[in-house]
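Colleague: Listed here are the chains, written in short residue letters.
Protein chains: 4
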Amino acid sequence: MTEKLLPENFEFEGPYPRLSRRLRLGVVGGGRISATQATAARLTDRWEVTAGALSSDPDRARERGAEWFLPPERCYASFGEMAKAEAARPDGVDAVMITTPNHLHFEAAKVFLEAGIDVLCDKPLTNEVAEAEALVDLAAQTGQVFGVGYAMSCFPMIRQAREIVAEGGIGKINQIHVEFLQDWMTPEDVADAPHVKWRLDPKISGPTSCVGDIGTHAAHLASFVSGLEMTELRAEFHVCGAPKPLEDTAFMFTRYAGDVPGTLMATRLAPGNRGGLRLRVYGSEGGLEWDLENSERLKFVRYGEPDRMISRGHGHGVSARTERLVRAARGFPEGIIEAWANLYMELAMAVAARKDGIAAPQGWVGFPRVDEGAAGVRFIDASVRSNASGGAWTKI
Amino acid sequence: MTEKLLPENFEFEGPYPRLSRRLRLGVVGGGRISATQATAARLTDRWEVTAGALSSDPDRARERGAEWFLPPERCYASFGEMAKAEAARPDGVDAVMITTPNHLHFEAAKVFLEAGIDVLCDKPLTNEVAEAEALVDLAAQTGQVFGVGYAMSCFPMIRQAREIVAEGGIGKINQIHVEFLQDWMTPEDVADAPHVKWRLDPKISGPTSCVGDIGTHAAHLASFVSGLEMTELRAEFHVCGAPKPLEDTAFMFTRYAGDVPGTLMATRLAPGNRGGLRLRVYGSEGGLEWDLENSERLKFVRYGEPDRMISRGHGHGVSARTERLVRAARGFPEGIIEAWANLYMELAMAVAARKDGIAAPQGWVGFPRVDEGAAGVRFIDASVRSNASGGAWTKI
Amino acid sequence: MTEKLLPENFEFEGPYPRLSRRLRLGVVGGGRISATQATAARLTDRWEVTAGALSSDPDRARERGAEWFLPPERCYASFGEMAKAEAARPDGVDAVMITTPNHLHFEAAKVFLEAGIDVLCDKPLTNEVAEAEALVDLAAQTGQVFGVGYAMSCFPMIRQAREIVAEGGIGKINQIHVEFLQDWMTPEDVADAPHVKWRLDPKISGPTSCVGDIGTHAAHLASFVSGLEMTELRAEFHVCGAPKPLEDTAFMFTRYAGDVPGTLMATRLAPGNRGGLRLRVYGSEGGLEWDLENSERLKFVRYGEPDRMISRGHGHGVSARTERLVRAARGFPEGIIEAWANLYMELAMAVAARKDGIAAPQGWVGFPRVDEGAAGVRFIDASVRSNASGGAWTKI
Amino acid sequence: MTEKLLPENFEFEGPYPRLSRRLRLGVVGGGRISATQATAARLTDRWEVTAGALSSDPDRARERGAEWFLPPERCYASFGEMAKAEAARPDGVDAVMITTPNHLHFEAAKVFLEAGIDVLCDKPLTNEVAEAEALVDLAAQTGQVFGVGYAMSCFPMIRQAREIVAEGGIGKINQIHVEFLQDWMTPEDVADAPHVKWRLDPKISGPTSCVGDIGTHAAHLASFVSGLEMTELRAEFHVCGAPKPLEDTAFMFTRYAGDVPGTLMATRLAPGNRGGLRLRVYGSEGGLEWDLENSERLKFVRYGEPDRMISRGHGHGVSARTERLVRAARGFPEGIIEAWANLYMELAMAVAARKDGIAAPQGWVGFPRVDEGAAGVRFIDASVRSNASGGAWTKI
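Residue numbers (my numbering), protein chains in the order written: chain A, 327 to 722; chain B, 327 to 722; chain C, 327 to 722; chain D, 327 to 722.
For the record, the hints were derived by calculation from the structure and aren't laboratory data.
Quick caveat, the model's predicted, so the values are computed rather than measured.
Just so you know, not all the hints are guaranteed correct.
It does not matter which identical chain is used: a pair holds within one copy or between any two.
Said to hold, decoys possible - Once the Cα atoms are required to be at most 27 Å apart in a straight line, the calculated DSS-like pairs of lysine-lysine come out as:
{"no.": "1", "residue 1": "K498", "residue 2": "K523"}
{"no.": "2", "residue 1": "K529", "residue 2": "K570"}
{"no.": "3", "residue 1": "K498", "residue 2": "K570"}
{"no.": "4", "residue 1": "K410", "residue 2": "K330"}
{"no.": "5", "residue 1": "K529", "residue 2": "K721"}
{"no.": "6", "residue 1": "K681", "residue 2": "K721"}
{"no.": "7", "residue 1": "K681", "residue 2": "K410"}
{"no.": "8", "residue 1": "K523", "residue 2": "K681"}
{"no.": "9", "residue 1": "K410", "residue 2": "K436"}
Take these sequences, add in the hints, and give me the full structure.
Modeller: Right under this line is the structure:
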């Protein structure tokens with residue numbers, strides 16, 4: 327194929343270029359998460375949704391596909407079938423998003439990789455460490471693009487935070503604290519609700535509920551911004567409120583590369599907290615604080631100076647690299663859909679570059695990769711082992 | 327045409343239904359604003375951009391159109407030509423967005439209305455009151471859908487505020503204060519920048535610069551939430567900092583229906599304010615406060631009780647009507663693009679309903695209409711006359 | 327008198343020294359305001375309350391005095407009597423605070439000045455401009471210390487703001503906005519409450535109610551921080567809610583020396599605002615924002631840089647001069663009583679210096695003076711005249 | 327002695343009455359903390375400082391005493407001497423505050439108790455559990471008033487929080503999180519500073535530095551508001567930044583009566599945090615959040631309703647009981663000195679009541695008592711043992 331997707335003379339440093347056509351995206355899994363992600367993909371104008379496996383019931387799959395304006399012949403009832411058929415089409419999908427329940431991630435990702443189709447898989451990457459490692463290997467062998475849906479790392483202020491740390495803005499890191507607090511499981515009867523049940527069923531959700539869902543976001547964000555791998559943890563799981571088969575709350579002590587200590591907390595029973603993902607990194611010369619519920623601002627402190635408040639937007643402390651991820655002018659708020667769109671924009675560039683035979687540098691397409699997904703699965707696994715051992719320090 | 331766009335059995339009270347096809351949107355005007363709006367339109371999945379008049383230079387028009395993946399034959403170099411050609415096509419655009427410089431709004435809107443194509447026009451609607459009134463009349467005659475780009479009124483928390491007022495939540499309104507503060511004109515040399523020059527050129531921008539751009543947003547929001555028409559004002563225009571042909575700052579006393587007093591302020595020279603659109607409505611039993619830079623929260627006070635902070639999302643004080651405009655869960659932030667998307671969603675419903683021969687109720691598709699656009703032009707005009715008279719009270 | 331109050335070798339640049347004895351303070355007026363101020367005076371440990379005219383009824387005066395642990399012979403039923411008796415005592419009061427209703431300020435201040443006793447008078451200084459000017463003259467003739475109770479100017483962050491402006495931190499001032507919003511007059515029946523009635527009685531409160539009480543605080547603060555005199559205004563008074571003999575709300579356009587424009591607003595019917603005194607000063611290079619309800623932080627913006635948030639305390643952007651007014655460590659909050667205590671501390675130094683025959687430099691004892699009090703009365707007077715004229719521009 | 331301190335007919339429910347004389351306060355320990363407390367004591371107008379043991383060097387003791395206007399004969403060079411002499415005087419001190427370095431608390435408290443003088447002792451109460459328990463016993467035997475300086479529990483919003491919990495406002499408690507973050511030990515060389523050295527010297531500071539200083543405040547606050555005793559913990563101590571003989575940072579998992587889980591964190595190396603004492607209590611029906619750096623507001627959430635923000639002041643969700651501790655009107659900020667003053671006010675009432683032979687009910691004089699101080703020492707001790715054991719769960 328001589329089609330070139332990226333323009334001739336673009337710069338890896340500049341803004342993201344238009345492609346010669348919209349990339350074709352397949353959707354695997356038909357819930358609310360896929361709708362949000364498709365929204366974000368469309369927002370970039372680098373993708374169009376052209377095929378889907380939205381249900382295992384063929385009629386339901388076609389019906390849902392029609393809502394997405396998909397032609398009936400590209401509405402599949404199984405992802406295996408979809409991978410095969412799409413790989414065979416000249417206009418087959420360039421990539422798929424996988425947003426099935428957790429226990430199907432591995433099989434789905436594998437089959438699309440093997441069909442030569444790039445993948446963006448939701449977190450947790452898999453329910454088993456071995457599966458996650460298999461996917462890392464497979465992606466390495468095939469050279470496919472493989473992103474993981476840690477969209478929180480795609481907020482501009484998080485990228486700015488990462489840059490500040492990397493440039494030594496807070497000195498040597500001394501401690502890292504991260505928490506993700508929600509409140510929607512507060513009602514005593516919530517665990518029986520249909521959309522909640524699968525999240526508490528170990529067969530589907532995996533060995534954890536809260537940790538695998540939101541705890542892993544927290545862990546990823548901490549490593550992403552600090553640039554430090556989490557190496558050890560001790561965890562205690564709790565069920566607050568009504569009895570449940572899996573934890574709804576977890577507290578952890580953590581240790582990062584270089585023996586940096588920290589804490590991590592995740593719960594869904596903290597009334598008044600909706601998206602309370604809060605990261606705090608403290609170093610020998612300063613500190614950084616960010617809160618998802620106030621995602622447009624980054625508190626950056628140089629010890630001995632007034633606190634600084636950096637706002638998403640242009641200039642005023644925002645780097646050129648971060649500005650690449652900015653759409654609306656300063657003061658006009660952006661949110662989670664735009665964060666997802668940043669991920670889809672970077673993914674589009676990586677997919678296009680691969681097809682054009684170019685290696686897009688990580689600094690330009692900084693979306694989370696399969697190895698970060700595998701680190702997340704190891705984090706979950708270590709937390710389960712630590713909790714089972716009464717909270718012993720456990721290697722990740 | 328027997329094609330039906332809306333589904334058979336939808337409810338005007340419920341969520342917005344899928345349409346039987348994506349509506350076709352034409353873009354008139356090729357700047358950053360059209361890009362934001364197209365992004366928002368795509369986000370709804372109820373629209374696709376299919377034609378454009380993106381430049382008066384035919385080559386440039388085609389070139390830009392290609393960036394939007396438009397076929398060359400639907401890239402027009404004039405909106406007159408576009409209106410004619412699209413009206414003649416069986417797959418012609420259902421509606422256009424008009425985002426040209428201000429002085430072209432009238433002519434463009436007129437020509438599309440006359441061609442039977444629905445319109446969403448940026449604010450200020452026109453530069454002359456007579457033109458605005460002509461558009462109101464024309465829209466009434468043709469029965470076309472005619473929206474105006476007061477997107478600030480499409481934030482969920484603003485809709486919630488409007489409902490609270492309408493239901494008597496703050497009692498009888500005593501005073502209304504609104505301001506829109508920005509800071510990007512602070513640098514002494516900014517007025518010479520190419521993208522700024524037209525905003526200070528009376529031939530293009532009209533009789534005002536700051537008032538017509540952001541002051542009119544403030545005035546619209548105040549009326550939208552309070553449900554009260556602004557009837558009179560006294561205005562003083564200022565040029566702060568470097569000399570400029572038009573005002574960069576304006577202060578006003580205002581009066582609303584029922585003799586309710588208020589103030590209005592707009593400036594682009596308030597360092598530290600990016601999107602400082604702030605509305606405060608105080609009544610005999612309570613008050614409401616909202617700030618664009620913190621758009622996800624609405625402060626609602628019942629006098630004598632603790633302050634309440636309502637967050638965008640589901641439940642917790644958010645009405646079913648407001649929830650219709652909510653995509654991301656509570657705590658996962660939304661922003662200006664989502665506000666625009668709310669406008670495009672409601673516009674899509676109104677356009678689809680008209681084509682289906684149904685009148686969509688205002689409570690279901692509450693986007694700002696041509697008469698609100700005309701009120702904005704009268705507001706600008708009154709402010710110019712008041713300022714010229716040394717700040718006399720002037721009827722709107 | 328050979329007694330020296332200040333120590334031998336103190337520096338006008340350093341912290342405030344201990345005095346050789348506590349200064350003796352007389353209290354004129356027995357309401358809640360005097361209690362707050364006495365609290366603040368005690369807090370400095372530079373004052374003790376030793377005499378009072380706390381009621382015009384001799385029994386009541388003694389009774390109240392007993393609550394303050396005053397000896398019966400120093401509980402006076404008239405301030406004339408008090409001035410005479412205290413001036414004659416070897417241990418007579420060094421200074422008095424005057425916190426009577428407004429219409430008695432002039433007579434009281436005059437009689438103490440004439441008796442050689444220093445004065446701190448509440449605002450508004452007087453109800454008439456001529457009276458205010460007479461007090462300025464009298465203070466100049468006698469060389470007495472004469473402070474005025476604009477305690478808002480004694481918050482450390484306000485002092486820091488003033489310094490930043492003076493040092494050019496925000497460049498040339500372009501506009502000044504100040505407002506004081508309260509909500510306690512919201513209930514329809516509040517005007518009949520005993521403690522409210524006098525505030526709405528022109529014979530006692532003077533020609534205004536809200537303007538003279540809180541508007542004058544706002545006006546003083548704006549001039550204090552900006553270093554610019556207010557020269558002109560146009561004002562409109564309103565009665566929101568229940569009818570009242572005097573205004574409860576006022577809106578103004580203002581002009582400061584050098585033709586700097588601004589706005590000023592004061593109201594007591596803004597539900598959700600308790601102490602909403604907010605100052606915003608914008609210049610050619612940056613801006614400053616401060617809010618009484620968040621008095622420990624000062625937003626300071628240099629255009630083009632991240633916002634800075636300066637916190638009361640030591641270092642981190644706080645000048646040595648400001649630190650002189652800091653008691654509790656950073657992060658341990660201070661409030662309005664400490665602001666009053668700053669005023670009483672500076673007053674003590676000025677009184678002691680005068681008695682020692684030394685002129686304390688204004689930069690060391692920066693409390694508001696009688697001429698600032700007179701400026702406040704002229705501001706009130708101009709606002710009354712402007713409002714009466716239908717809001718014409720009126721010289722102050 | 328037939329002197330009665332409290333008035334005849336006061337109510338235990340009402341505001342705190344004037345006493346027939348100011349109580350006499352002795353000061354033991356001459357640093358900055360005693361100055362703050364004396365300031366607060368004076369603020370109540372229920373106390374005067376009349377004697378002190380401000381240094382073990384007699385000359386220095388007299389010199390410092392002179393700064394406090396103490397007569398030379400009541401400036402003692404040892405607290406033993408002071409206790410004896412003051413107990414013998416007819417006008418001897420009614421109570422002492424003990425603000426010496428930690429290792430002297432026990433001996434000082436004991437000697438004053440034995441002399442019949444009431445005590446307010448700084449935290450940590452002692453450096454040894456046995457000493458703390460001995461003081462509890464001694465206070466019980468003598469019936470003396472014995473307060474402990476956990477002043478954070480005397481903020482009105484904390485008292486309000488405690489009431490809300492007690493009345494079931496958040497339902498059954500599910501989890502408790504508390505942290506105290508400061509940043510002043512961030513500089514690498516701070517540990518050598520003279521005023522810091524003793525805080526890191528185990529002989530003076532006791533077995534911990536950060537935990538005993540600020541961690542114990544956090545632990546007390548959590549129990550105070552939740553009404554639940556902390557029963558177990560697992561702790562890890564850290565030295566972040568420059569090496570130090572004692573921990574500067576500690577992380578804990580905690581367990582409260584009824585098996586309620588929680589976390590606790592204390593550090594002095596969190597740049598950007600000055601007084602970051604933050605308490606969060608989450609229950610089955612709602613949540614409470616409070617932050618010392620924003621001490622005037624209490625976030626109170628009933629799940630399913632808008633967040634509520636209660637402000638210190640009168641009405642608007644503040645109980646009559648809490649209002650007793652309010653001086654300045656709503657919107658006029660109070661701070662840490664006022665919190666201390668609340669403690670001294672309640673202490674005065676308790677001391678006066680004891681002397682009058684009355685038992686003041688705990689609900690009226692809710693200041694922290696010696697048993698709470700002993701609980702704090704046991705908390706510190708358990709944290710040391712847990713840390714030494716590698717973070718094992720340890721009974722308190």
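Colleague: For every hint, state whether the structure bears it out.
Modeller: Structure-based check of each hint:
| no. | hint | in the structure |
| --- | --- | --- |
| 1 | K498 / K523 | between (44 Å within a copy, 24 Å between copies) |
| 2 | K529 / K570 | within (14 Å within a copy, 49 Å between copies) |
| 3 | K498 / K570 | between (41 Å within a copy, 17 Å between copies) |
| 4 | K410 / K330 | within (24 Å within a copy, 35 Å between copies) |
| 5 | K529 / K721 | within (25 Å within a copy, 37 Å between copies) |
| 6 | K681 / K721 | neither (38 Å within a copy, 62 Å between copies) |
| 7 | K681 / K410 | within (19 Å within a copy, 41 Å between copies) |
| 8 | K523 / K681 | neither (41 Å within a copy, 42 Å between copies) |
| 9 | K410 / K436 | within (12 Å within a copy, 52 Å between copies) |
Of the numbered hints given earlier, the model fails hints 6 and 8; all others are met.
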